[in-house]
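Peer 1: The task is simple: from the sequences and hints, build the whole structure.
There are 2 protein chains.
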Amino acid sequence: MVRPSSLSGFPEWLPDGRVVEQHVLDALRRTFELHGFAGIETRAVEPLAQLLRKGETSKEVYLLRRLQEEGEQDTADADKQLGLHFDLTVPFARWVLENAGQLAFPFKRYQIQKVWRGERPQDGRFREFTQADIDVVGADTLPFHYEVELPLVMAEALAALPIPPVRISVNNRKVAQGFYEAIGLEDVEGALRVIDKLDKIGPEGVARGLIDEAGATPDQAAQALELASISGTDASVADQVLALGARSELLDTGLQELVTLLEAARELSPGTVVADLKIARGLDYYTGSVYETTLVGHENLGSICSGGRYDSLASDGKRTFPGVGLSIGVSRLLARVLSDGLAEPTRAVPTAVLVAVTDEEHRRTSDRVAKALRARGIPADVAPTAAKFGKQIRYADRRSIPFVWFPGEDGDEVKDIRSGDQAPADAGSWEPPAEDRWPRVVDSQGAGVR
Amino acid sequence: MVRPSSLSGFPEWLPDGRVVEQHVLDALRRTFELHGFAGIETRAVEPLAQLLRKGETSKEVYLLRRLQEEGEQDTADADKQLGLHFDLTVPFARWVLENAGQLAFPFKRYQIQKVWRGERPQDGRFREFTQADIDVVGADTLPFHYEVELPLVMAEALAALPIPPVRISVNNRKVAQGFYEAIGLEDVEGALRVIDKLDKIGPEGVARGLIDEAGATPDQAAQALELASISGTDASVADQVLALGARSELLDTGLQELVTLLEAARELSPGTVVADLKIARGLDYYTGSVYETTLVGHENLGSICSGGRYDSLASDGKRTFPGVGLSIGVSRLLARVLSDGLAEPTRAVPTAVLVAVTDEEHRRTSDRVAKALRARGIPADVAPTAAKFGKQIRYADRRSIPFVWFPGEDGDEVKDIRSGDQAPADAGSWEPPAEDRWPRVVDSQGAGVR
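Respectively, the protein sequence lines represent chains A and B. All residue numbers for the first sequence refer to UniProt numbering, where the first residue is 1 and numbers rise by one. All residue numbers for the second sequence refer to UniProt numbering, where the first residue is 1 and numbers rise by one.
The hints are simulated quantities; they were obtained by calculation from the structure and are not laboratory data. Backbone N, C-alpha and C fix where the C-beta goes; we use that ideal spot for every residue, glycine too. All clues given are correct.
Simulated restraints, written as ranges between beta carbons of each label pair: (1) B/Pro-164 <-> A/Asp-311: 47 to 53 Å; (2) B/Glu-413 <-> A/Asp-421: 48 to 54 Å; (3) A/Glu-435 <-> B/Ala-375: 17 to 23 Å; (4) B/Arg-266 <-> A/Lys-391: 27 to 33 Å; (5) B/Arg-368 <-> A/Asp-234: 15 to 21 Å; (6) A/Asp-234 <-> B/Gly-390: 33 to 39 Å; (7) A/Gln-422 <-> B/Asp-311: 36 to 42 Å; (8) B/Pro-433 <-> A/Gln-422: 41 to 47 Å; (9) A/Ser-419 <-> B/Glu-119: 51 to 57 Å.
A few chain B residues that face chain A, going by a derived Cβ cut-off under 10 Å, partial list only: (10) Glu-33; (11) His-35; (12) Leu-52; (13) Gln-68; (14) Glu-98; (15) Arg-127; (16) Arg-368; (17) Ala-375; (18) Val-382.
Peer 2: Shown next, in the form of structure tokens:
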């Protein structure tokens with residue numbers, strides 16, 4: 001007898017948690033579609049060679065092998081060996097190249113799928129989780145304004161979820177690189193790697209690291225630290241940077257982009273976006289704006305939505321496809337929502353009405369009532385047995401089904417089992433209150449969140 | 001440079017195909033929820049021991065291995081070795097056992113997920129595909145009426161899809177077993193295996209097989225063949241069986257169940273369900289009703305939706321969980337819909353309105369229009385560049401976006417680019433025709449299918 005057991009790192013929800021997850025996924029999809037993003041899905045597997053293009057992530061890949069291959073030579077032939085995708089960016093890049101001839105650019109897509117990472121589960125890391133990505137990709141060129149648009153789409157998407165407010169922190173590769181070059185700090189990537197540790201090792205550790213690892217002079221290290229300390233929500237950020245005295249064309253471009261983003265955000269999503277020049281994560285592969293998102297009051301969760309601008313998502317040798325994209329870690333976010341009780345469903349089943357069965361000979365009568373209700377979009381179920389009505393009501397109550405319907409020879413009646421109110425009703429015209437028709441997701445105070 | 005290429009057996013759709021797929025998945029979900037089925041998802045992986053419980057399917061399993069395990073001892077330790085699920089029944093059985101204490105029975109669930117089978121792709125078989133399952137599972141008992149209800153839910157779900165009508169063929173294990181036992185044919189499973197080949201090897205081949213492989217006398221073989229030739233849509237099916245002269249308690253029960261199912265179907269889903277007593281596939285593990293579904297005019301596709309009654313979906317040693325379930329092979333069905341052009345979307349992007357940009361300095365004006373439209377649930381996008389209006393209109397046209405919006409200092413105008421009609425409009429109140437708001441799926445004649 002195989003004993004079932006949960007597998008660490010592979011989360012599953014009970015039906016009530018799934019109602020919340022489905023609500024989250026529906027809300028994300030709706031926002032993305034309102035903004036004109038087309039939904040796509042890619043296969044779960046990619047050739048290993050495709051997955052290893054970035055090299056460093058190789059340790060996270062799950063490889064696949066057919067059971068009957070057992071014993072066959074299984075050295076990884078990267079051309080044929082398949083692995084599960086560990087994000088949605090690598091498959092999307094491959095998909096764009098494969099289908100470029102049939103797409104109209106700029107192409108905006110959203111993609112909500114499971115991804116897998118073969119890491120040892122720890123610190124709440126999942127081995128299987130859902131990501132929700134949006135990207136816009138151009139053919140050879142892609143205007144800067146998408147670097148403003150995409151984080152604001154995500155701000156709107158996240159605002160529609162049953163979660164606390166978010167803060168989107170932004171930086172721009174051009175600002176950091178332009179500044180470092182202006183002060184003569186040549187190892188830009190090295191400097192960014194050290195700056196990324198600021199929260200962990202503090203300013204003195206970073207200064208030492210910049211000198212030891214990135215070849216900075218003590219003065220350059222001090223200036224880089226001053227840059228990293230700057231934050232703000234408007235054009236004053238640029239003034240603070242310029243006050244440090246360094247100038248370069250790249251720095252000017254970067255500051256202009258950063259301020260444009262901040263000003264648009266102040267109008268279209270006030271209070272959400274803040275420039276934070278110590279953000280370095282991702283600056284080594286993004287080429288313009290970068291984004292990180294924290295949940296206010298849950299900063300220990302880390303970034304729940306990250307991304308940035310890349311000048312080459314993919315290239316087929318003739319054309320290059322630049323893009324801007326962000327990705328929400330849905331499962332980790334949802335795990336926090338459920339574990340902290342930030343939101344819950346009004347019920348775990350879709351059913352709004354349980355139709356009682358008087359006796360088994362008359363089950364068809366109850367079936368007809370349910371059919372009439374469903375035909376008008378009211379989720380209905382029929383009692384499993386013609387037990388005493390008290391037992392049938394308890395069946396509904398245990399599932400938080402709000403209404404029980406009693407077919408009768410002299411006319412039907414429907415009972416709101418919460419209030420006990422019972423009244424005559426006709427299956428061809430009766431309507432439940434709008435808030436009872438489908439399960440809703442409510443916050444911990446019981447207020448509707450959507 | 002890694003050349004992208006499609007992988008045989010791993011289907012992917014372009015955005016227009018995905019609109020049709022999403023429409024299908026939405027329609028299935030809606031029907032299942034109207035009938036009170038709760039949606040769940042299970043992890044993609046199961047321990048190999050769980051996947052191999054049925055033994056015979058072992059050849060289809062994809063095993064997982066982390067890349068950094070490479071070179072480690074990799075004989076399959078069935079306790080730790082993980083494989084991708086090849087259906088949704090095995091994971092559901094495990095999930096029910098694992099969560100039985102927190103579920104209310106009978107428990108009705110639907111589950112729409114990808115599954116994987118490591119077969120060599122051939123005859124249009126997929127290695128990755130989507131299944132849509134419904135099951136009801138009881139604790140220790142489950143009333144017969146669910147064997148009537150579940151195929152009718154599927155009939156309703158399939159009727160809501162952009163596909164031709166379906167025929168659900170049904171049989172009942174009790175009829176076959178009861179009949180065979182009544183005529184003294186003892187090797188019931190053996191006989192069912194032979195009968196299953198009727199379409200392939202014909203009646204003479206089956207008669208020989210029943211004698212050679214199932215130990216039947218020539219007379220028993222002839223009677224079994226007569227049983228298998230019976231079909232019909234009402235109680236006459238039982239009369240035909242009884243006219244063969246054999247009687248047993250099990251046979252009577254089976255015929256009563258079969259007729260009950262047919263009569264309910266004639267009322268609730270007329271013209272859909274037919275009894276076909278030569279159906280043997282699945283009778284070796286189902287214990288009551290079995291179902292197969294063909295698409296009228298596309299019988300060569302095989303069964304698109306199958307299932308049946310099982311007395312033990314799972315057991316924890318104390319409780320046994322009987323169930324009734326059916327599963328739709330969504331990807332195979334969808335591949336046929338797309339390849340035969342049975343349905344297509346009115347457009348491949350969600351966008352109903354493209355807001356033109358007069359010049360880049362006024363992009364924010366266009367952003368505000370789009371925001372106002374989206375706030376009222378109208379999918380809107382903003383033109384990528386402030387090109388000449390003719391070029392912006394072509395951008396919309398290439399994506400079948402029906403409306404282009406022109407912001408103006410003296411008031412805005414909106415153009416239906418199909419008719420060329422242009423009229424003044426206000427972003428706070430203008431409404432597109434209902435059929436243009438979201439992409440719709442239409443049949444090959446252009447008529448709305450939903």
